[in-house]
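Fit chain S to the supplied structure of chain C, relying on the hints for placement.
Chains C and S supply the protein sequences, listed in that same order. Taking my numbering, I'd label the letters of the first sequence as residues 4 to 369. Taking my numbering, I'd label the letters of the second sequence as residues 4 to 369.
In short, the hints are calculated from the structure, not lab data. Hints are supplied without guarantee of correctness; some may be wrong.
One copy or two, either will do: identical chains are not told apart, so a pair holds if it fits within one copy or between any two.
To be verified - Straight line, CA to CA, 27 Å or less: simulated DSS-like cross-link-like pairs of lysine-lysine:
(1) 130 with 216
(2) 350 with 285
(3) 322 with 238
(4) 296 with 130
(5) 365 with 285
(6) 314 with 238
Letter by letter, the chains look like this.
Protein chains: 2
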Amino acid sequence: MSSQNQPNLRIPGPVPLPDDVLKLAGSQMINHRGPEYADMLDRMTRNLKTVFMTQNDVYFITSSGTGAMETAVVNTLSPGDKVLSIIIGAFGERFAEIAEAYRADVNRLSFDLGQAADLDKVRETLKGMSNVKAVIFTHNESSTGVSNPLEDLCKVIHEESDALILVDAVSSAGGVPIAVDAWGIDVVATASQKSWISPPGISMVTFSEEAWKAYGESTTPKYYLDIQQYEDYRKIGQPPFTPCLPAIFTLEFALQSMVDEGIENVFARHHEIAQHTRDGAKALGLELLPDPKFASNTVTAIKLPEGLDGKAFLAQVTKNYNVILGGGQKSLAGKIFRVGHMGWVEKSHIDEALKAAEETLKSMTS
Amino acid sequence: MSSQNQPNLRIPGPVPLPDDVLKLAGSQMINHRGPEYADMLDRMTRNLKTVFMTQNDVYFITSSGTGAMETAVVNTLSPGDKVLSIIIGAFGERFAEIAEAYRADVNRLSFDLGQAADLDKVRETLKGMSNVKAVIFTHNESSTGVSNPLEDLCKVIHEESDALILVDAVSSAGGVPIAVDAWGIDVVATASQKSWISPPGISMVTFSEEAWKAYGESTTPKYYLDIQQYEDYRKIGQPPFTPCLPAIFTLEFALQSMVDEGIENVFARHHEIAQHTRDGAKALGLELLPDPKFASNTVTAIKLPEGLDGKAFLAQVTKNYNVILGGGQKSLAGKIFRVGHMGWVEKSHIDEALKAAEETLKSMTS
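With the rest of the complex left out, here is chain C:
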């Protein structure tokens, strides 16, 4: 994968970075309250809006993706607010836990691991509820390799409620289309180390007019993630708090590159490499965990043969082939492996990873 014999890092983030991006991450520090930063922030803001096809506000926060999910919650909800939490895996559950931590009245609608949210069940559930303040869910469940049908889901939610739509798109945004305005999404949360070809350190959110109205009513305590501070400082071309400059430097470059490439081309590229991964896994006789209709374009979850020691499998793949795959989490631990294919990834990276899996499976089952 590189001249320095680096491992082929195929976990679903942090994504491996090409040399020119690594060089940017290692750039000298600048004054984050100076004109150079203001210029960067301005360009990043415009380009991020282009990727999200939105006129809504967008902000850059120094935190992991979980911080962005918390930003969505604390800026729009108040204790006692009724929330419908649609859960198809570990990250959807985390989103519910965040809302609960801030005392929202969280109602869970859960689906089997490997499945996407069922639109009819969502519709039925919303029909049976009143005064739902927000519907929250994970777009792309990287723990199961499943993408929820975001456009259709938003349509059903808007038809059946006046609820805000808060979306954890940490592992999908930048790799698959999210038409924030057309689909009416109030807050989208994502993070630099995923499809954005950057190191971890910066999370990003979009924030709609409806979200701002909810902000005005929110009594949830907040400070570091208080979106008003980000807005006040954005107006003077500054961050409210010292930002993670290495990820800012790379994000600025990545966002410009995506816009230059054309976002349709970026999304097409992600679709293609995902299909290549799925085809490759099937060609090895392996079964995907997700329902194929909802298989993710940023990470593929593949079932391991029953009875196989999943932990030993991952360790051998790394030891013998210098390939780092993702494992299964919680109840899926040892039962699946995951191949990340977001951001900068070439077919040869995938082929090498699948070859390593194939050879290791052979050696473990022969």
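Leaving out everything else, chain S in the frame of chain C:
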């Protein structure tokens, strides 16, 4: 300052980084849930304890320093808790605002800009209060170049109360001694882009047994900054959330370097360069803002001649000399300039900065 003619960045953080550190910041991504990260976290934890002379727990969080200050507040306080907030400048005020945002009953004890906290007044104030849950303050007020007498302050607080001591040491820790255990400090907050010779992205906290007791009673909502999550994951050698790897790579190196150099030597080095800066400013006939007894060893605040256009001064220093100085904040805007000297800094950096200030002042007043 470097072969690439980089600006001489003399703001009080982010600090400029030497080439070997920049190279580390541009290292390839790794699996943050793998053995390599676990090894790093273990070493960093041990070395950070050494620098803080403590047996208390220490944690690494992906946020700015303000996130670490918020971590101190949300994990130890509950709404209604009585807090004494000692304020000598902008960052002390911020700490009070964070506690207020989370509904603590904040009592402010403020001192004039340029002064440290008066120990007698702190004693007197505490004598007049009961049931103080926590005393919070900024150790080194980078907005005024003043360091509070931390050891003495802790002594007075312990003599007059059972309050927790929560210290914002964002811009002092790593450059000046903070004997967490000997002085009985419950939470210290700091951040990577200051004396730690790293880019911004990671904040750090220490957490005492008393702080853990307070955690058990705290009803403040929290999730991303919930210290229990950091503790639970530390036990398995992982971060709870994807960490800012560039700053982790550099911090691991910087902490090891500090321990190898000997922390007394690190502190002596900071004292020496600070004295060099103060002497240099005085030699130019300029007056320091702070009371000399409490002048900071990480940043020097210098008064501008009355009537001078401070904004134009900073702009000219940058334009004509490629030196970036800090300005004054809020009521000090235009009245002072600040020279950062924490982390990696040589006398030539300071001399160059002071020379630029001198020449610019000459040209503006002639």
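Each hint, compared with the structure:
no.: 1; hint: 130 with 216; verdict: within (24 Å within a copy, 45 Å between copies)
no.: 2; hint: 350 with 285; verdict: within (16 Å within a copy, 64 Å between copies)
no.: 3; hint: 322 with 238; verdict: between (50 Å within a copy, 24 Å between copies)
no.: 4; hint: 296 with 130; verdict: within (26 Å within a copy, 69 Å between copies)
no.: 5; hint: 365 with 285; verdict: within (15 Å within a copy, 75 Å between copies)
no.: 6; hint: 314 with 238; verdict: between (50 Å within a copy, 19 Å between copies)
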